[in-house]
Amino acid sequence: MAAQPIELHEDRLFPAEPGVRGIARALYREVAALPIVSPHGHTDPRWFSSNEAFANPTALFLAPDHYLYRMLYSQGVSLDRLGVPSREGAPGVDPREAWRLFASHFYLFRGTPSALWLNHVLVQVFGVDVRLSAETADEIYDAIDAALKTEAFRPRALFDRFNIELLATTEGPTDTLDHHHAIAQSGWGGRVVTAYRPDAVIDADHEDFQRALESFATLTGEDVYSWSGYLAAHRKRRADFMAAGATSSDHGHPTAATANLNSAEAEALFARVVAGAGDADDHELFRAQMLTEMARMSLEDGLVMQIHPGSFRNHNFRLFESHGRDKGADIPMRTDYVSALKPLLDQFGNEPDLSVIVFTLDETSYARELAPLAGCYPVLKLGPAWWFHDSPEGMMRFRKHTTETAGFYNTVGFNDDTRAFLSIPARHDVARRIDCAFLAGLVSEHRLAIDEAHAVAEDLAYNLVRKAYRLENAQPSPVAATA
Amino acid sequence: MAAQPIELHEDRLFPAEPGVRGIARALYREVAALPIVSPHGHTDPRWFSSNEAFANPTALFLAPDHYLYRMLYSQGVSLDRLGVPSREGAPGVDPREAWRLFASHFYLFRGTPSALWLNHVLVQVFGVDVRLSAETADEIYDAIDAALKTEAFRPRALFDRFNIELLATTEGPTDTLDHHHAIAQSGWGGRVVTAYRPDAVIDADHEDFQRALESFATLTGEDVYSWSGYLAAHRKRRADFMAAGATSSDHGHPTAATANLNSAEAEALFARVVAGAGDADDHELFRAQMLTEMARMSLEDGLVMQIHPGSFRNHNFRLFESHGRDKGADIPMRTDYVSALKPLLDQFGNEPDLSVIVFTLDETSYARELAPLAGCYPVLKLGPAWWFHDSPEGMMRFRKHTTETAGFYNTVGFNDDTRAFLSIPARHDVARRIDCAFLAGLVSEHRLAIDEAHAVAEDLAYNLVRKAYRLENAQPSPVAATA
Amino acid sequence: MAAQPIELHEDRLFPAEPGVRGIARALYREVAALPIVSPHGHTDPRWFSSNEAFANPTALFLAPDHYLYRMLYSQGVSLDRLGVPSREGAPGVDPREAWRLFASHFYLFRGTPSALWLNHVLVQVFGVDVRLSAETADEIYDAIDAALKTEAFRPRALFDRFNIELLATTEGPTDTLDHHHAIAQSGWGGRVVTAYRPDAVIDADHEDFQRALESFATLTGEDVYSWSGYLAAHRKRRADFMAAGATSSDHGHPTAATANLNSAEAEALFARVVAGAGDADDHELFRAQMLTEMARMSLEDGLVMQIHPGSFRNHNFRLFESHGRDKGADIPMRTDYVSALKPLLDQFGNEPDLSVIVFTLDETSYARELAPLAGCYPVLKLGPAWWFHDSPEGMMRFRKHTTETAGFYNTVGFNDDTRAFLSIPARHDVARRIDCAFLAGLVSEHRLAIDEAHAVAEDLAYNLVRKAYRLENAQPSPVAATA
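Residue numbers (the numbering used here), protein chains in the order written: chain U, 245 to 727; chain S, 245 to 727; chain A, 245 to 727.
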């Protein structure tokens, strides 16, 4: 079979009906080139502090991206042969061989956002115009590999080229933030900030909990084994993170449970948990209590609070044993919000100065729970379609299920939430296109006027994220300023 | 910015594809002018007994409509400034100032049914043709205010103008029904009936339960503290309500749980509950048992039974403390029907003379539970998309998720379920348009013939509601007769 | 009213927009005539062993098809009058009278797949071109009845005419498989195989559990009251079934729960259950453990394992009392997979030689649980939209909710899962049309190239089912070979 061209059609993701498509196109035209604001994600700040060239196509695209290798694994392809690191370290696989294996299975991604994103990157970033397949594997590998060796494909150059106004990474409570400090002192104008993700010292079910506590103590100089010292350590680290640009914290608990214990109860619970004497219920209750504590601190210091609940981490036991965390084996669970959030909301739900952004992996909660909650409580906003739902159908369902009750203005724009730096423009482009497609549908059915749709499209692509993550008053980066 | 026109397009809510739109338009044309039958809602019967003019635009539109002020509240707007009554009474706010505040935030409703409804009312009822905004606030306020002072905008005149064949209100078990009696004796031909909603004397978790029981005793002359007297009191009140035109009862419990205790168990449970000695489980079991008791009474007296479960009432604790019930802080919960309804269905599910209409706020139950149940049990019918889902997307999801299993004929037409009298024609119009849009989709995909679609459209707009609520044999009102 | 024609439009179920419809039509054209592979269903093998003529239209269409009579029953039509057998046997009703009753209520099926299927059968199989109604009832009855008396409408002739490459029936663990043996020895080339459904000797909640165990012992010669003998009996029967062509087992438990007890625990549990000393929790745990045991046996013998969980069987208590099982009163329940499948997956989830196909009646699990699980575990594949969701909207939702995370290649093609033999071509045709409609949507939005869509369409219609059910290496039947 001859190599097939990649069709990165200018009207992709727009509705097929010509009238609606025309409206979508007109809306998109006004927002396509707006700067990218990425307030939540998992790129590696080291890339931007060191600005070293990426090693090779496999190391850049495949080995770190569980969206890709999980699908191949599900069809019987070994992770070792794909170059995915295990607990033993990176397997000794030729990156080109791994790439060929990926290429020969690329048909598995038909109909998935991964295919959309990769095709976007190949065409827009690398100028590759043939579809990845067994027969084009080498040609594409060579093209990418050659590009990566050039200055124009170093991390900072790509950051600038991508028109990124701000990129937030996510760091743990024991991170020294050295890379962020190095970026700030480098003289480079790119705005790369951090976000405070304290799960490691909050989740006593995590295998590294005790080690993390030790580092937490060392780093803060606090007695983190006393309740007051532990809270003081969080306050210190939040301040450290804010100094490194953070405007938000992030919390990835198994459930959305919150609690509002009195001081004595909280202290007693903490004592059990930190002594390793807590059971599973204690651990859950402690996570729940800490969300409320974090909300209290947010009221003091102004960090926006993100809650990302509902993932059953490391579901594949044997894969966890062999390869560790974050290997594509996290599975969404049914997630309750109505009862779970109530203790926190009873205490802080009506505070004008608090902002809590809630995400879900359980789409059934969009219309039933989250939109009604966000359409009532001043502190609540809805995070965008997340993870497995960060896709054309998923994003469209998000809008269809939330807009009628929560409106657009209780949502916060797009998060790419990715480790795959090169896919960031592709992901934001998909989000902008889907929002324009959704708005075009409203306009064509006379549910929204065209001038309103233009205003909303810009809000969804740019203004809401800046407002929701409190980036409006921050100094725009030089990149953004010239956009 | 210049004032923008309101576009109340004649094809609004119809699919964009011209062929499908043409079918939808043809279907709609035949049902658009059918009389409105509103068998379930929360308008105030006093309006029709006194027929006094509405006070002002804010008092008419904003202060009673939690769909509107909850959205503004979620964005930090104070309820006091909007004129919403608190437990202290109506705040001393200038209604024009409140209206301006509403108008300046009207953009929050983009993409919501509230915007559709309000625009419909402004254009169709008041002849206003500019979009509500900060700059048009006064102009629109004045236009509405002037109209309200005229005879043509008194409640009865609007009722007639709206071509309402029947309007049901909802009253509690201790209501004297004086307004309904006054309407009946007034000589006015409008048919305003009541519905029996006994929650206040069934739900022991309600803060007014004991007070309601006292009134229940006074009003019926029964010993409502004995199980037999309590049931007799219900029978009396059901008869009173039927005399005031009721053809249905309504039950708004937290869950859909039913129970079928034997007499001795039920009596013992009742004794605990009425003595204030019951715990939360007792209260839930008592509510459950009472649904089965109500079904038994329906078999005797013929009232159609409505079950509206699944709302977590007054979720916002501080708002409840300050402003009381029904302030837009009720949040849907996940709701089970399969196990919950079984005790009632085991007893009465196959009775030819019983009719139970079930609603849900949990859309996941449409295809999974409710359509299969209604497609099997002779007593069950599906109520229309309810509350937060009473919207274009919500109503379309209802049809898409229920029709293939339950068909159209296990559904009961539309309920507006509103406190906002002026929005009734707008709401019914949206429902008719969405049903025609759905049917047009079926016709265009050759899943339904056009003659069948016309028949179904009329059934959904008019015939099914009359049959389901047993209004067919009732004397049509003069208004309906001339429609 | 004059008789209406049946419109079996060549473009039925394709999207209305002309461009998309054109793509769907082109895709469908290539797959419409592919042989039917039906790897899971409930037709009666006796039909093909005896090859006797079907008795009459009512006995063929109505009496065995709970999709049809449940809807009529829900509207108050008596099952006796429809000819549906009760525990007393077949009611003494004139089949023509029953047919007339069905015909006069056929409007109830507007918008349902039952109407699509029946219209397809009337036109394509019987050449009837008028819609079923009270006035056409006799004319259609006579036409079908006359056809059924001809050789061309005997089961084997229809099987051949339908271009069925393989048809799997489902038999219990105590079935002698005589009909399958007779078919094999008949010299007829039609490939009718069985599937192993051992629920009757696994589910101790079944009223016939003990009787089934007795037959199980007799048939296998094993001591089925000892744990090792019981397992050995399963192994024997699996081998028997494989000799009768089975390539799969099937498990229809109330939940998807699996367990992985150690030997001693399993044996103790088995002893309690088989002695009738188990409680409901024991029965559930035993079903759970047996799924893992069946997976273990599948690793040995290669049978593909199907799990069909989540149905509340015989929900209508009085109907069960009067008419027994499988009378359209099974209701889907909320079903968890994430926790439920974990014990089995912990043990066997990464086995390259095991294949487990999971179905659901709870559509909320598609995107949240099943697609992520199938997109991670090598052993898991997703069964197609099942039962109540085996419909145009249901199948479209399946694709929209699963494809973005699991892709197409973790799905297994279509199952008709039917007792209604004549509807098999209609059901496969609907599935092929909906898949082409879905693919056409992707192509028109430039999410998939047209050459990819053609390849996927063929995979979904033909190749995936052969691979997933391990039919590829099996000898094609003569019918298939000439297709």
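Simulated from the structure, these hints should not be mistaken for lab results. The reader is advised that the hints may include incorrect statements.
Straight-line C-alpha distance at most 30 Å; calculated DSSO-like pairs for lysine-lysine [claimed, not checked]:
no. : chain 1 : residue 1 : chain 2 : residue 2
1   : S       : K644      : S       : K711
2   : S       : K644      : A       : K644
3   : A       : K644      : A       : K480
4   : U       : K644      : A       : K711
5   : A       : K480      : A       : K393
6   : S       : K393      : U       : K644
7   : U       : K393      : U       : K480
Against the structure, the hints:
no., hint, in the structure
1, S:K644 x S:K711, "holds, 23 Å"
2, S:K644 x A:K644, "holds, 14 Å"
3, A:K644 x A:K480, "violated, 41 Å"
4, U:K644 x A:K711, "violated, 37 Å"
5, A:K480 x A:K393, "violated, 41 Å"
6, S:K393 x U:K644, "violated, 40 Å"
7, U:K393 x U:K480, "violated, 41 Å"
Violation of the numbered hints given earlier is confined to hints 3, 4, 5, 6, 7; the remaining hints are satisfied by the structure.
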